[in-house]
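Going down the list, the protein sequences come from chains A and B.
Under this note's numbering, the first residue of the first sequence is numbered 1, with each subsequent residue one higher.
Under this note's numbering, the first residue of the second sequence is numbered 197, with each subsequent residue one higher.
The set of hints was computed from the structure by calculation and includes no laboratory data.
Be aware that a few hints might be false.
As the list claims (entries may be wrong) - Within a straight-line C-alpha distance of at most 25 Å, the following computed SDA-like cross-link-like pairs (lysine to any residue) qualify:
1) B:Lys354 with A:Ala106
2) A:Lys70 with A:Pro18
3) B:Lys340 with A:Ser34
4) B:Lys340 with B:Gly330
5) B:Lys297 with B:Ala287
6) A:Lys70 with A:Val47
7) A:Lys144 with B:Ala287
8) B:Lys340 with A:Leu176
9) A:Lys144 with A:Ser169
10) B:Lys340 with A:Glu191
11) A:Lys70 with A:Leu80
12) A:Lys101 with A:Ile44
13) B:Lys340 with B:Asp221
14) A:Lys101 with A:Gly134
15) A:Lys144 with B:Ile326
16) B:Lys340 with A:Lys101
17) A:Lys144 with B:Ala362
18) A:Lys158 with B:Pro262
19) B:Lys354 with A:Leu176
20) A:Lys158 with B:Gly284
21) A:Lys70 with A:Arg51
22) A:Lys158 with B:Leu311
23) A:Lys158 with B:Leu258
24) A:Lys101 with A:Gly88
25) A:Lys144 with B:Ser392
26) B:Lys340 with B:Asp358
27) B:Lys340 with B:Pro214
28) B:Lys340 with A:Ala150
29) B:Lys340 with B:Pro277
30) A:Lys70 with A:Lys144
31) B:Lys297 with B:Pro277
32) A:Lys144 with B:Pro349
33) B:Lys266 with B:Thr229
34) A:Lys144 with B:Asp327
35) B:Lys340 with A:Val47
Claimed, not checked - For the chain A half of the interface with chain B, some residues (derived, Cβ under 10 Å), not all of them:
36) Asp19
37) Trp67
38) Pro96
39) Leu108
40) Arg110
Bear in mind that the values here come from a model prediction, so they are computed numbers and not experimental data.
Ideal Cβ positions, reconstructed from N, Cα and C, are used throughout, including at glycine.
Protein chains: 2
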Amino acid sequence: MLIRTHVGISLDGFLATPDGRPTWDAIPTFDGTSHGHDDFTALIDAVVIGRSSFDQAAAEWLVNSPWPGKPVYVLTSQPLPTGSSDAGFIASQGGPAGLVKQLREANLARDVQVLGGSRTIQAFLELGAIDRLGIVVLPILLGKGIPLFAIDPAPFSKQAWDAHLASPSASPARPLLRLDHQRQYRDGSVELVYQS
Amino acid sequence: MLIRTHVGISLDGFLATPDGRPTWDAIPTFDGTSHGHDDFTALIDAVVIGRSSFDQAAAEWLVNSPWPGKPVYVLTSQPLPTGSSDAGFIASQGGPAGLVKQLREANLARDVQVLGGSRTIQAFLELGAIDRLGIVVLPILLGKGIPLFAIDPAPFSKQAWDAHLASPSASPARPLLRLDHQRQYRDGSVELVYQS
């Protein structure tokens, strides 16, 4: 069982528009099954979503799950509403690390998709729990929105540069990721899949 | 004559580390000529840099230009120091739009590289003056640094989502970019080149 993502981001790094729509939905070339979605879905036995994503659509999903027959784990510190369990939604226990344990112990034949939102993906990344980080770089610049990564932008600073010159460091901030594979789609989207 | 970029960014979108070092220099697999640098340099007859980038290295560059025989245009509103002209450095006239005009009128046989920093690339992007936007996605997450794009991050907001549901829009925020080509390097870096 591998824990995977398959998310679409704009070239400037946004997972969703400022109003919360996935970036996929902001491009005219995405039809709900394109950009590797069907291939990916065939690998998946369970889905993980964050509580905000759940709340965003719960009213609809509890009646009509987009993942019929597949358990959907919700990363949350609060109980889910009545009827969630019958509709296939399972609350996490013990935060992100506890949820990873739940997934590993669920005896799934195939893989798990961490769908989002960004905070949920970040929580899994911080734990090193994403086995295949799949990102489709969509050919659009949004300018603003919800970033995939928890980024901390810095302006250029002469002071920081002078400090670097005084005490240079050649070491990378973090280890390199390993690219598992990449593939190009017809609209110029490029999927990058990294191994943990 | 085409105006081009060939920049390395981290997977999370940073052109440089917080201390101003290009992200290229933060990875052990970059040797100064790899990742398509030599192929790219062979296309280039002139270079554009921002004033901060110039000031960062001017003391060294005025003695020993990294681009011998190639004019280097500096996007600036202030005169350059004495000796800049003899060393091949040319001040922009009339802001970014004036600089684009200077480049178009320079009768260059080959192309122009907009080297950076990020504000200079952004100024050219805003003018629609980048003919080939080349970005090498390096296999590293930096977490913090100087972003390539002028990004405006938004947190998820239930209010924004409810507003979207009340008045949905299916139109993309901006037109799609056209992918000219892409290529993968040995360390798992992936170069994406977009046409304007």
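Hint check:
{"no.": "1", "hint": "B:Lys354 with A:Ala106", "result": "violated, 31 Å"}
{"no.": "2", "hint": "A:Lys70 with A:Pro18", "result": "violated, 29 Å"}
{"no.": "3", "hint": "B:Lys340 with A:Ser34", "result": "violated, 32 Å"}
{"no.": "4", "hint": "B:Lys340 with B:Gly330", "result": "holds, 22 Å"}
{"no.": "5", "hint": "B:Lys297 with B:Ala287", "result": "holds, 13 Å"}
{"no.": "6", "hint": "A:Lys70 with A:Val47", "result": "holds, 7 Å"}
{"no.": "7", "hint": "A:Lys144 with B:Ala287", "result": "violated, 32 Å"}
{"no.": "8", "hint": "B:Lys340 with A:Leu176", "result": "holds, 15 Å"}
{"no.": "9", "hint": "A:Lys144 with A:Ser169", "result": "violated, 33 Å"}
{"no.": "10", "hint": "B:Lys340 with A:Glu191", "result": "holds, 23 Å"}
{"no.": "11", "hint": "A:Lys70 with A:Leu80", "result": "holds, 17 Å"}
{"no.": "12", "hint": "A:Lys101 with A:Ile44", "result": "holds, 17 Å"}
{"no.": "13", "hint": "B:Lys340 with B:Asp221", "result": "holds, 15 Å"}
{"no.": "14", "hint": "A:Lys101 with A:Gly134", "result": "holds, 21 Å"}
{"no.": "15", "hint": "A:Lys144 with B:Ile326", "result": "holds, 20 Å"}
{"no.": "16", "hint": "B:Lys340 with A:Lys101", "result": "violated, 30 Å"}
{"no.": "17", "hint": "A:Lys144 with B:Ala362", "result": "holds, 21 Å"}
{"no.": "18", "hint": "A:Lys158 with B:Pro262", "result": "holds, 21 Å"}
{"no.": "19", "hint": "B:Lys354 with A:Leu176", "result": "violated, 36 Å"}
{"no.": "20", "hint": "A:Lys158 with B:Gly284", "result": "holds, 23 Å"}
{"no.": "21", "hint": "A:Lys70 with A:Arg51", "result": "holds, 18 Å"}
{"no.": "22", "hint": "A:Lys158 with B:Leu311", "result": "holds, 18 Å"}
{"no.": "23", "hint": "A:Lys158 with B:Leu258", "result": "holds, 18 Å"}
{"no.": "24", "hint": "A:Lys101 with A:Gly88", "result": "holds, 18 Å"}
{"no.": "25", "hint": "A:Lys144 with B:Ser392", "result": "holds, 20 Å"}
{"no.": "26", "hint": "B:Lys340 with B:Asp358", "result": "violated, 31 Å"}
{"no.": "27", "hint": "B:Lys340 with B:Pro214", "result": "holds, 6 Å"}
{"no.": "28", "hint": "B:Lys340 with A:Ala150", "result": "holds, 9 Å"}
{"no.": "29", "hint": "B:Lys340 with B:Pro277", "result": "violated, 33 Å"}
{"no.": "30", "hint": "A:Lys70 with A:Lys144", "result": "violated, 33 Å"}
{"no.": "31", "hint": "B:Lys297 with B:Pro277", "result": "holds, 23 Å"}
{"no.": "32", "hint": "A:Lys144 with B:Pro349", "result": "holds, 6 Å"}
{"no.": "33", "hint": "B:Lys266 with B:Thr229", "result": "holds, 18 Å"}
{"no.": "34", "hint": "A:Lys144 with B:Asp327", "result": "holds, 23 Å"}
{"no.": "35", "hint": "B:Lys340 with A:Val47", "result": "violated, 29 Å"}
{"no.": "36", "hint": "Asp19", "result": "holds, 4 Å"}
{"no.": "37", "hint": "Trp67", "result": "violated, 20 Å"}
{"no.": "38", "hint": "Pro96", "result": "violated, 17 Å"}
{"no.": "39", "hint": "Leu108", "result": "violated, 27 Å"}
{"no.": "40", "hint": "Arg110", "result": "violated, 25 Å"}
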